[in-house]
Amino acid sequence: MLSSRQRDLVSGTLCLVGGAGALLEAGKDTIGSLTSPGPGFYPAILGALLALVGLLIVGAALAASHATDDVGTEPVGGPDWRGCACIVGGVMAFIVVAWLAGLSPAIFACVFVAALGDRTASVRGSLILALVMSIVGTVLFGYLLGINMPLWQWPWAT
Amino acid sequence: MALGDMITALHDLGHGFAVALLPGNLIWCFVGVLIGNLVGVLPGLGVLSTVSILLPLTFGMKPVAAILMLAGIYYGAQYGGAICSILLNLPCHPPHAVTCLDGFPLTRQGKGGTALGIAIIAACMGAAFGIVEMTFFAPVVARFALDFGPADICSLMLLGLLAGSTLARGSPLKGVAMTLLGQMLGLAGVDMNTGVPRFTFGFLNLYDGVELVALALGVFGIAEFLKSVNRIAPLHVPGARVRLRDLLPSRGELRTASLPMVRGTLVGSLCAMVPGTGPTIASFVAYALEKKLSRTPDRFGTGMIAGVASPEASTHSSVQGDFIPTMSMGIPGDSGMALLLGALMIQGITPGPLLIAEHPDIFWGLIASFWVGNLLLVILNVPLIGIWVRLLAIPYRVLYPCALCFVCIGVYSAKNSLFEVGETLVFGIVGYLLITLRFHAAPILLGFVLGPRMEENFRNALAISNGHIGVFVTRPISAVFLGCCAVLILAQLYAHLASRRGRRLGAAGAWPEVADGTIGVPQVEE
Numbered sequence: 001m002l003s004s005r006q007r008d009l010v011s012g013t014l015c016l017v018g019g020a021g022a023l024l025e026a027g028k029d030t031i032g033s034l035t036s037p038g039p040g041f042y043p044a045i046l047g048a049l050l051a052l053v054g055l056l057i058v059g060a061a062l063a064a065s066h067a068t069d070d071v072g073t074e075p076v077g078g079p080d081w082r083g084c085a086c087i088v089g090g091v092m093a094f095i096v097v098a099w100l101a102g103l104s105p106a107i108f109a110c111v112f113v114a115a116l117g118d119r120t121a122s123v124r125g126s127l128i129l130a131l132v133m134s135i136v137g138t139v140l141f142g143y144l145l146g147i148n149m150p151l152w153q154w155p156w157a158t
Numbered sequence: 001m002a003l004g005d006m007i008t009a010l011h012d013l014g015h016g017f018a019v020a021l022l023p024g025n026l027i028w029c030f031v032g033v034l035i036g037n038l039v040g041v042l043p044g045l046g047v048l049s050t051v052s053i054l055l056p057l058t059f060g061m062k063p064v065a066a067i068l069m070l071a072g073i074y075y076g077a078q079y080g081g082a083i084c085s086i087l088l089n090l091p092c093h094p095p096h097a098v099t100c101l102d103g104f105p106l107t108r109q110g111k112g113g114t115a116l117g118i119a120i121i122a123a124c125m126g127a128a129f130g131i132v133e134m135t136f137f138a139p140v141v142a143r144f145a146l147d148f149g150p151a152d153i154c155s156l157m158l159l160g161l162l163a164g165s166t167l168a169r170g171s172p173l174k175g176v177a178m179t180l181l182g183q184m185l186g187l188a189g190v191d192m193n194t195g196v197p198r199f200t201f202g203f204l205n206l207y208d209g210v211e212l213v214a215l216a217l218g219v220f221g222i223a224e225f226l227k228s229v230n231r232i233a234p235l236h237v238p239g240a241r242v243r244l245r246d247l248l249p250s251r252g253e254l255r256t257a258s259l260p261m262v263r264g265t266l267v268g269s270l271c272a273m274v275p276g277t278g279p280t281i282a283s284f285v286a287y288a289l290e291k292k293l294s295r296t297p298d299r300f301g302t303g304m305i306a307g308v309a310s311p312e313a314s315t316h317s318s319v320q321g322d323f324i325p326t327m328s329m330g331i332p333g334d335s336g337m338a339l340l341l342g343a344l345m346i347q348g349i350t351p352g353p354l355l356i357a358e359h360p361d362i363f364w365g366l367i368a369s370f371w372v373g374n375l376l377l378v379i380l381n382v383p384l385i386g387i388w389v390r391l392l393a394i395p396y397r398v399l400y401p402c403a404l405c406f407v408c409i410g411v412y413s414a415k416n417s418l419f420e421v422g423e424t425l426v427f428g429i430v431g432y433l434l435i436t437l438r439f440h441a442a443p444i445l446l447g448f449v450l451g452p453r454m455e456e457n458f459r460n461a462l463a464i465s466n467g468h469i470g471v472f473v474t475r476p477i478s479a480v481f482l483g484c485c486a487v488l489i490l491a492q493l494y495a496h497l498a499s500r501r502g503r504r505l506g507a508a509g510a511w512p513e514v515a516d517g518t519i520g521v522p523q524v525e526e
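Just so you know, the protein sequences line up as chains U and V, in that order.
Position 90 of the first sequence, counted from 1, bears residue number 90 in this note's numbering, the numbering being contiguous throughout.
Position 217 of the second sequence, counted from 1, bears residue number 217 in this note's numbering, the numbering being contiguous throughout.
The set of hints was computed from the structure by calculation and includes no laboratory data.
For clarity, every value in this text was computed on a predicted model and none was experimentally measured.
The beta carbon of each residue, even a glycine, is placed where N, CA and C say it ideally should be.
Honestly, I wouldn't trust all of these hints.
Part of the chain U face toward chain V, derived, beta carbon under 7 Å [as the list claims (entries may be wrong)]:
1) ARG7
2) LEU9
3) SER11
4) ALA22
5) LEU23
6) LEU24
7) ILE31
8) TYR42
9) LEU52
10) ILE57
11) CYS84
12) ALA101
13) VAL111
14) ALA115
15) LEU151
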């Protein structure tokens, strides 16, 4: 875990880099002048401000004698790798399966993969949850709300 | 305000009731408050993610029904939030975090029912005041705002963004950074004036901009799941049985609660007036005020009725009052309002001072539906509290995979495209990184919704004044708003320096301490 000071340094640097990047990106379009602002004008202002804020954050972190931690923010631990991987994987599974096979299998895949992220989850429990959700989801979104996606499709079978 | 205005407002409100009581609208209002109430109780599912999941489903609905329902979710959740806080010491919902402090001790003393009863009465009172305020005040504000030129609107938006990002809890600088990031995301896509694509990085799908639903579900949905997975212990719902009879407070308790309720209501409505200070701040301020005014401040935290009544009243009055700047000027006070404003724009309705005149059905129907919705909530809550409490037993390991798949489907249906699902995933991961760096996600949405409109007004102001940047200071209205911005920045600087001199002196010292360890599911939303 980073200390609050390191965290501020990282945050500030990120803002600085982000702001500079936006400034560069805005510079590709016409910036124009006050009388005739081009498409890059406003984004350039935003980028410059973000970079400035980044500098201020870094400066405040360097100048602070004590931790300048945000008062009142809840503690956030380090990432839970298994949980995070499964959630990210669940969304990816949804995208791929929905594209290949349609809504119902996509819900199944998404819920199954995501459910495995919990440390107490079992394969059997996740399968049951995924099955229940794909039935509920198919009825709710497919039949009741009429989502614009095929429920099942097997393009490679034909 | 003139008597004539009040009569007109009442007359229009009558029209609003005619709209809100149409069976089609009534049902959606009911659905909205029911879902809101439910997610308010359930830890791990925030209001913002719920509203954004349901947002795409409202595309096909009539605008009035859609707005009534989405607004219902927003204020309905406030009723549910109090239940968790009081009975289980779980601040599922940030505005109700302070209610835990005195609500849960009351439950321990076996007076949980009374505390809930007081909370419901306080909620009604706060909400009623907020709605009345909106009925009479919003049209006046809108009429005033009709005279605003582009420069004035631009400065007002700046004030709103600044207040929204710096007054929320957390570092003000990081808040500003998030607002700027939100604005950049809002600008992504083809520029309306020149047809030049900006911030699209070559993705054709980004040409019509970043999808509001994708952004909201990324930073409030997926980022939250990433943060909370495996961190929420399964709840033991104790025998929190509440009988209907227990809800009724005694006459003495009512008397103790009455003044704090009035004070809380006033604090809430004041906070609603200041852009950027949502219900969370209102309830914290109300609690701090109550503690300061009390003759026995040291007994707060041990089950004071005032410590439940005042924050609850202020939350609800602030929630309802927050709709005033949103509906009368098109300036959202917090991220929830930003989302509702986004919903309005998706329905093809331009927010701004003309909204009341051009869409009286929406405005007055919404106000009337507040009355109906709050009444429904009281009726729902009294007998259903037992069921809500049992719902808390749903473990997070079941909840988050289901919510995740709803997120995917919701984003897909916004544009019927899987690209947006991937976009949401990216926002989710970025949002999670930002959360771990202690950025608050809420101002992103504010910036996102206001950014494009602010740029447009900025350009118009410059065009009208022939490129004189001085127009922002020479126009009196704009100058006043900019002055407010300056005061806000100076106040923040002062608070920062004061807190560096003596750590207890700063604005931060005024916040009541909420036990962090007990927070089941902290939510980012403010």
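Comparing the hints with the structure gives:
Hint on ARG7 of chain U holds. Least Cβ distance to chain V is approximately 6 Å, under the 7 Å limit. A distance limit of 7 Å between C-beta atoms decides the matter here; for LEU9 of chain U the minimum to chain V is near 10 Å, and the interface restraint is violated. Using the Cβ-Cβ criterion of 7 Å, the hint placing SER11 of chain U at the interface with chain V is satisfied: the shortest such distance is roughly 5 Å. At about 6 Å, the closest approach between the beta carbon of ALA22 of chain U and any beta carbon in chain V falls short of 7 Å, and the interface hint on this residue holds.
Taking 7 Å as the C-beta cut-off, the interface hint given for LEU23 of chain U is violated, the closest approach to chain V being about 11 Å. This hint is violated: LEU24 of chain U has a C-beta 11 Å from the nearest C-beta of chain V, more than the 7 Å allowed. Checking ILE31 of chain U against chain V: minimum C-beta separation of about 12 Å lies over 7 Å; hint violated. Below 7 Å, beta-carbon pairs count as interface contacts, and TYR42 of chain U has one with chain V at about 4 Å; its hint therefore holds.
The beta carbon of LEU52 of chain U comes no nearer than 10 Å to any beta carbon in chain V, farther than 7 Å, and the hint placing it at the interface is violated. For ILE57 of chain U, the interface hint holds, since its Cβ comes within 7 Å of a Cβ in chain V; the closest pair sits about 5 Å apart. Nearest Cβ of chain V to the Cβ of CYS84 of chain U: about 5 Å, under the 7 Å cut. The hint holds. Hint status for ALA101 of chain U: violated, given a least beta-carbon distance of 13 Å to chain V, over 7 Å.
For the restraint placing VAL111 of chain U at the interface with chain V, the shortest Cβ-Cβ distance is roughly 4 Å, inside the 7 Å limit, so the hint holds. Here the hint on ALA115 of chain U is kept, as its CB sits about 4 Å from the closest CB of chain V, short of 7 Å. The criterion of a C-beta within 7 Å of any C-beta in chain V is not met by LEU151 of chain U, whose closest approach is roughly 12 Å, and the hint is violated.
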